[in-house]
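Hey, can you piece these two chains together into the complex? The hints should help.
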Amino acid sequence: MFPPSTHRLPQRLLAGGLLAGASVVAGVWYYFTPQYTRVGYQPVQPVAFSHRTHVGQLGMDCRYCHPGVETSWYSNLPSGQSCMNCHNQVLRDDARLALVRASAGSGRPIPWIQIHRLPDYVFFNHAVHVNRGVSCFDCHGSIHELDESAHLKPLSMAFCLECHRRPEAFLRPPAEVYHLDWRPESPEQQQADGSKLAREWNVQRLDPCSACHR
Amino acid sequence: MKPPAPHPPRSPVATPRYWRSVEDCAGTSTDLSSIERACHHGLEEAADPLSRRHFMRIMSASFLLAGSGLTGCRRPVETIHPFAQAPEGLVHGLPLTYATAMPVRASAIPLRVKTCEGRPIKIEGNPGIPWPLNAVSGAPPPPPQGPTDAAAQASILSLYDPDRARRFTRDGQTIPRKLALDALDALAHQAADSRGRGLCILADASSSPSRARLQRALADRLPESRWFEYEPVDLAAYRRTTRAAFGRLLQPLYRLDVARRIVSWDCDFLGNEEETCRWTRAFAAGRRLDNPGNEPSRLYAIESLLTLTGMNADHRLRLAPSQMALVAARLLSECISALEPHQRPAGALAFKSRLQALARTTTPEWAAWTRACAGDLTAQPDRSAVLAGHRQPAEVHLWAHGLNHLLRGRGAAVVYLDRPPEPPAGTLAELAAALAADEVRILVILAGNPAYNAPADLEWARVQSRADTVVRLGSCEDETFPACHWHLPMAHYLESWGDARTADGTWLSIQPLIAPLFGGLTDLEVLARLAGMPVTEPHEIVRETFRGLAPDGAFEANWRRLLHDGTWAGTAYPEATVESFDWNAATAALDSIREVRAPAPDALEVVFARDSRVDDGRYANNGWLEELPDPVTKITWDNVIALSPATARLLGLAVPEPREHLEVPVVRVSAGGRAIEGPLWIQPGLADDVVGLTLGHGRTRAGRVGTGTGYDAYPLRTSRAMHSLAGAQLAATGRVHPLACTQNHGRLEGRPIVRETNLAEFRNHPGFASAMDRDAPDSSPLYANPLDAAAAGVLHQWGMTIDLGLCVGCAACVVACQSENNIPIVGKNEVARQREMHWLRIDRYYAGPADDPQGVNQPMLCQHCESAPCESVCPVNATVHDREGLNVMVYNRCIGTRHCSNNCPYKVRRFNFFDYHRRPDRGSRPREEWDLLSLVRNPDVTVRMRGVIEKCTFCVQRLEQAKIARAVSAGASPPKAVADGEVQTACQQACPAGAIEFGNLRDPASRVSRARANPRAYAVLQSLNTRPRVLYLARVRNPNPAMPGAPPRPHGMSVEVRDPEMPEQGPGTVEGGNGKEGA
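Chains as they are written, first to last, in the numbering used here: chain A, 1 to 214; chain B, 215 to 1293.
Certain hints may be false.
Sample of chain B residues with no beta-carbon within 10 Å of chain A, all distances over it, derived [what the hints assert, rightly or not]:
#	residue
1	R333
2	G342
3	R411
4	A458
5	G461
6	N508
7	S689
8	H778
9	R1132
10	A1181
11	A1231
Only part of the chain A face toward chain B is listed, based on derived beta-carbon distances under 8 Å [to be verified]:
#	residue
12	F123
13	N131
14	Q190
Result set (DSS-like, lysine-lysine): computed pairs, CA atoms no more than 25 Å apart in a straight line [unchecked claim]:
#	chain 1	residue 1	chain 2	residue 2
15	B	K1042	B	K1121
16	A	K196	B	K1190
17	A	K196	B	K1177
18	B	K1042	B	K328
19	B	K1177	B	K1190
Think of the hints as simulated: they come from the structure by calculation, not from any bench. For every residue, glycine included, the Cβ atom is placed at its ideal position computed from N, Cα and C.
Pulled out of the complex, with its shape left as it was, chain B reads as follows (with noise of 0.2 Å):
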């Protein structure tokens, strides 16, 4: 027999240089004794009130009782009830799709939703959307999928949520749905009568046609109506900046795809900001790199949080919020210096020295930092883009307009689009005021849930309390709800007739996929009563919208056309020609900076975040989305105060030991008289004497999902720093909270798992990635592996690749993946005993110092080894190999020995400690809410029971199904080979960077070969001649190298070769040693 493979020795001289927390960095991590958490603590008991061992004795006693009146031996009778009158066009079994969209804030997410038998099962991004960006010309083709988000993907579990509003109720007690109805109509009476005074409506933002319409139509009919809209986390400052700069609403688009240089001041593009799905698959497409000729994008970041953006960035500022201000204007000084005389208009050089006048100094560092960054964008002005993020100020939006004007160009980077005016609408703040002094007899509270996240100083549940009558359409019984009269259910997304525009202005139709769940009803409803309309019913409100776009004669083609691909050609806004930039605003606007002072750890300043995965709580009850990890802190079920290493150090503040579970000190910030307690996190990269707070967490009434997980960031903000907040204190209460980090699960050990490089080493030796596998096993199998014959005469091999440097760790995937796959929630408790469940985790790693790393994201999951180390362990033969390639998990032969997963070097298998998809035991829901549950599974895949490994299968199910839609086509003849992209995996389809490349390794000219033939392909693991069937492509940064600093190679890439053996080539030797030294 073969003797083992020795494993790799780790040499002294080249350590791992990818960590990925602080007690690692600090080599002070536990890791090890982790991962022996995982494989040997499984064992435990749950801290269920029922054990195992009373399990045991409850079941004994039953099957007993069973086994004597022998009732488990009758055949169940199962009854089939066939339509009495079929649908047309219906074939029962074969999933349905419909294009529909998801409204958020002023946005929407075009998408396209399967259904089965009725109930929809999986979100996909529509590919059939018009987007302005894709037009231009030379950019590569987009990936032919539409892009989503996470969100989007987890919201089809909102749908299905028992925990939503499912009643009518008045002041707390269920009514029937009639008589809140008639009582709206009532009150819509009662309105009229007076024209429309003391009726106040509070709505969220939206982009909706037909309720802007409905809107106006209101204002007409009660014209002493009034409007208000809040929204927590506003998105639009971007947009709404551009009155001042250029004079007129205008909608900026910038070409990620065809910017060389991006420069993002606290924009966190890739993870938080508007459309966040559609920026990245542009950036993403502006970054693709298949042979070294290529040039991708340059990202420069300036941020006070880590954030996916600066993640991503290429080089990275960190900076207090306050100073940001200070910086933009020093960078856009820069760059009116850099420009030639005559490209430098009069106003701009009148902001430079009214700059310099304020004599504003900045540290040495920022000064060479933004003299480089503005050297290298006016090197390339026409293709150079700068992003202001939704938390800064007007000033650093305008100065961010006026960037982008003064380096405009034919073919610009920036283009913008003329938009319509919305219709007026006031302020919360106005709107309290309006309540305090009594001028409020009515408030219609659309959607929103301003008593949980109104700012702190208006008091809101004080003042609501002084309408006279308050009526709400809400999705759920949350804070907002005991101070409401009339509580009207407010129907999902995916019940609705609808419409919306994206952020360009594109046309998108809502459609119902099923019928209101609770009979809720929509804000155009609503509204549509209210206004005393003669039509209230939505679809017709959304027909009569859309009749004024296309109003010739052929309206219901026209219509049906529109419901069939979700939007409406050329609906996007115009584009706008924009001549000149007020340089006198932008002038003006430098007042700002000058009282700016610095933040130091007595005077913290305070940045509010919306979270990465519960937005400002909205999605608080949505389990998939708590138990995602946070895309940078891998922290789930929770939201941490997070505080830089340094600041940490000063404050004395340090994490303990990591123990069993990962306990970390609770502290108190507190500022203008406020406070809140959270648990303090050590973040890498943030910004020193900055406090990270993360709203959308602490729900008191969310639902018994998100009830009670993370603290309240919103009781410290108020209407005069909604984004930040200078001069606050922290401090240790000397209490402990658990938190449920995802971050040293699965390590692997510092192998050269991750691999990088720089542009221009990578134009130097394209092969550098392969090159790292120094660890090869240098003999070959003893056996021949017999997947080379069975694979002979098969029409499939399948494989995949990520592209590391497009993946920019968004977590769509993981959802994705979720929700096609019926893979379950855990909760907060097993997550901390490493028991997630994810078929796809996204690790993330850091590299360089502590206070200010790299980092990199590499989704992870079954690599389907073509020689697997599971399959030659499990006793049963429960996981083998078929012919197409595909590692494969046959859940009825498991015993659940979990030896497969103590094998495999990869830890993606994933074991069923409990009956997640349905656990009577826990006794907490009645049966109709399992069943309600239970319709968001797919159908095509199995739901495993306690006791079964699982983990990724390639999404057998779409593979098989393609393969079974070719063969019934086919007949009786031959069946030819699925076509490329004909399949996609689930991660693949809502990938929105198109990292993940899926398909018939068969076929030379598939997406999948082409990207495995790209010279930055590797396998992970090499060494052990695993064999995977899954490729990475290492990513390839790109740094300006005239910025002072600027390491050579990646950080975690920069460890010195000494290896007399290996030539002095690329940045390879992150793993030292090989099996020949060790043997």
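Okay, chain A solo, but in the shape it has when bound (with noise of 0.2 Å):
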């Protein structure tokens, strides 16, 4: 009754079938996560500040342009008053700057365009990490290679249970925290250090949903 070419047609049925939706797990696997859906937003900053001139050739610390870092569970943008502390010395007519030196004047903020973001029902504090080891280069990667910032890590839950199950493979000595080139010697000597810092500190695994979520 049917022709031959159908003898194989459900086991090519069954095969497609389990393709395409493997297909479709593993694409949504990729293509919803941060990793694809974040990192990697570079949107272009209303002023062409670059972390790679300040931080990366001139050194300065992050604290001086986000001092509530230390404090506060956000970490602020700088005000305009900040950047004219040094840019009414240098390029002081730079043409780039022009959006700086009128907010400054007239008290209108920059429109910054927000880069980093976290997941939804996720509370988040700067100070409590940057006090007890973990660095600015473990969430925000190297940006201070970068000339326009970028979202170089998922921030996912994922992302972030890596080292709230596993401090020890991330905790650095406190001098440190702000030095984004810093790297370890090797794996096994973050272990061995790293292990010593959380025993020290009573650093422990944080991984109850309260730690985050409220």
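Here you go:
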């Protein structure tokens, strides 16, 4: 009744269906995660501020512009006035800084475009991380090498849990928290030093839901 | 697998003795079905125009459109706007706290308000206010929180109310602010030309020294202007009557913390008097029972309505208002008889013989009651206090002062402060007469709402129109608004500069936490402009007033100190020495009881009470307060006409069987040619032949929240009968009205949920409460609780205790929780479907006869069970335990199966049936109003969406912040545990009584650990082996053994012990049977 070509149809349908299902799963797995949706987001900011120049070349400390990071959950952006502390001497008439000068003069804020974004329902606190040996680098990557800031790490729940489950793999000496170039000598060395710090500071594995979700 | 624990069988001999409604008491309750309703009928279509199905249809279409364009995949671009010039000292993300005060009538509540990014979000009491009452030696230390009440907690919502007066108007038309201010100045010039002739000012009561100063300045500059004050519910009678009693104005201070015997003559000092939250604190301090050796105070209450004070009383006498004077005089006379001869002044004896000569007899019950009470009072004369309530006539206040004077002694429980005389002010009736005589050209109304709440006989709406120009400063475009020519928006107190004094005189500063959202003015600015003062800036006015207080050189430093502390030390009125009481006046006042006639079913007595939530109507547009169940009736979004069960029977009125929705008959109350209609409520404990009416509802122009809730009782109220009214008739109208009452919601099946005993029993059996755990499971769990292992090595284990002996049921905690945790308002229809969202509710139980029951309040919240039934049934692990003993709720995992809610024995989990925080489908509000409303939300707490369960989190955001603060300060060293008292839950912080203790159970010295060691501690539903982290301390009543008919045990506990296995001990047999018997 059916032509011979249909004899293998059930197997083919089955295989095709499995393949399609697997690709949907794989697609969602990859494309619907912050790893794909967030990492690499690099909008053009209203002012061409370069972390590479300021931090990488001039060696400014993160906390000069983001002083709130040590005390608050929020790491603030600098006010126009902070920029003008230097730029009323340096590049005072540079066209790229017109907006900054206008802002500091008029009091109208610069509309920076938000880059870093956490998943919903998460309450993140900068202060407790940087005061307890977690570096800016761990979440923001080598942002000091970029001219235009970008979202470099996924900041997904899985990403957070990598450290929350195994803090010793990331802890660094307090003096190195704001040194984005600092690297452990070797993974083994990090493991040993990190375990020691975690023990001394009583840094525990922190993975109950209430640590981040309220 | 372990078989499920057998349900404790209910034994026929030991029936539960607590009941929650009249039907419940009579055995006609359909409570079980109401629980089933809560569990199963939740899926019914909401009565919205947009049904679920319709919603799905529209949404699927829009998803299709959205999908084809893939617009949803675009990343929304958000911008960050940092300060261009950052204010000094401001760190973005760190909340700031400012001291201020909420002015209420002639008093104020000292507050500390938290702001986040410039918007106030949470109100707390100011603990730094010195209080003369706390300075008593030997009194237990006060709890570390400042007291607040529900209205203060909810006032933050009124700040962001989109229905506030938001514009300046002239004849109802919006005009620019400048034009209105110019017009005000022009009026001031006009008034100055005529030395103020024809200028009348109608103000509400205030304690502001600056306002008093401006009032005097106005009188100086415009000597012919006239000043009137009106408060629909005037609470200052207890103070004003000291003039008749002692010849000068004094401020009585009742030290309820040292008083061992307290008598309330219709004085609801726990619910509805001036500075209720401070009285509650003092009262609770005197009721502390940390061990059986303590001597708690004893409270006698004589009252017409059932109030919180009555529910907390050890003895309660129900009386119609007209009979109150009779019994009060009788009690005074009995006290005079009971004192030693040398303690009786001659005038007192004259009083006694005059009372005898009047030959007004009381019933034998009242006579025996007053005799026993008088014997008890005179046994410890200097430790007794008598309080008369604001509804009582002057003579009853006079006798209360006399009785306190009679009982005075060293370290007396009643002291008097010298209060400076208040600036002169006329009454509303005088103003109405002036208006009717066309003597008023310019009428300035500051803050009041006379068109709504003036006595009906003044016909205010008619007389107000006789004024040429009416200027009004109002917080809302309300009932008075249409008849005003100029209307100025009034700034909320959180937007204002000002000052206030508490009743004892302590100076409080009021500072703005946010610039006026709608450009509102304060009464200070309006007065200063009217008086033509050179300085009209409220900030400068308040500074100028303060300059008189702290005149020495360092003014700026003093000023900053005042703003920082919120108060100025040493400003309380000085203590007065009171030598003589005017017994002649007291005796002369006896004539008033000559003609007292008792009420009858055909001549009922009406009592006007201010509403416990919306007050006299001023908070009617506050959704938190409207949805807060009344502490006694548990009715939301309505007020009722209350009748006692016996009177309702006599009048042939009965509440119909509860159906799907509670519907009650609408009745008509008429007296003196006036009538009102409202829903009938049969209220246990009400005096017979008395009708209880509540003011403050039935607003016609309150705003979108408060308009049309309840009925308006003001039309029955006349200037001769402001508080009670005799000779009223009541008749059914044949109509019914649906009510939303939470009284039967979440019923707990009559197991020993609340436990109480009498003091003598408690001393014999201190462990009576835990002895009631008769149905404790007899086998230990098969598996070890994973929490036990996880908790090792953790610094904190959180726990809570609630002292039922201290909790008065005021519900400040409920609103505090709502404010802290972004709990939505659901509306009357949803509450009627048992969908109220409160994480913390106060269960109110009655016990004993329906005519005169005892009451118990029990706050009920998530018990944070160590072995939580909710966790094991969640299919998606959305509710789990953390290592510190919290039962946490993960909203983004929750898929809304509600299994957890079904399996929760305490019924404390609430489900978001709708997107209550933003209901665009209603279309009732423009977007900017939603944005305004969202300003009140706490940024540290998730705003939940439709379809998820939520419940008490023990304020996990506060715990995490405290732990983070510890870790941050530890830096490169091990963090220390959060110290006791460093973190408080919102309910604990708001509780005026200090009934809630919360803290770290790992610390044996913490307040909560010590409270858990109290012999009264017990866990609710121990039998289920849930191991709650919330323990309750059983209530201990302190009745007078000499009182005739005093039950040896509380009514709810007086079940006979018939179980032979149970030793004859304690009252612990409310629940019969245990798991073993059932197995």
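How the hints compare with the structure:
1. R333: 15 Å, holds
2. G342: 24 Å, holds
3. R411: Correct as stated: the minimum Cβ-Cβ distance to chain A is 49 Å, above 10 Å.
4. A458: The claim holds: A458/B sits with its nearest Cβ about 57 Å from chain A, beyond 10 Å.
5. G461: 59 Å, holds
6. N508: 37 Å, holds
7. S689: 32 Å, holds
8. H778: The claim stands: H778/B keeps its Cβ more than 10 Å from every Cβ of chain A (closest is about 21 Å).
9. R1132: Since the minimum Cβ distance to chain A is about 15 Å, R1132/B lies beyond 10 Å and the statement holds.
10. A1181: Violated, since 5 Å does not exceed 10 Å.
11. A1231: 26 Å, holds
12. F123: Result: holds, 7 Å to nearest chain B Cβ.
13. N131: 5 Å, holds
14. Q190: 17 Å, violated
15. K1042/B - K1121/B: 20 Å, holds
16. K196/A - K1190/B: 19 Å, holds
17. K196/A - K1177/B: This hinted pair holds, its Cα atoms lying about 22 Å apart.
18. K1042/B - K328/B: Judged against 25 Å, a Cα distance of about 30 Å means the pair is violated.
19. K1177/B - K1190/B: 9 Å, holds
Going through the hint list in order, the structure does not satisfy hints 10, 14 and 18.
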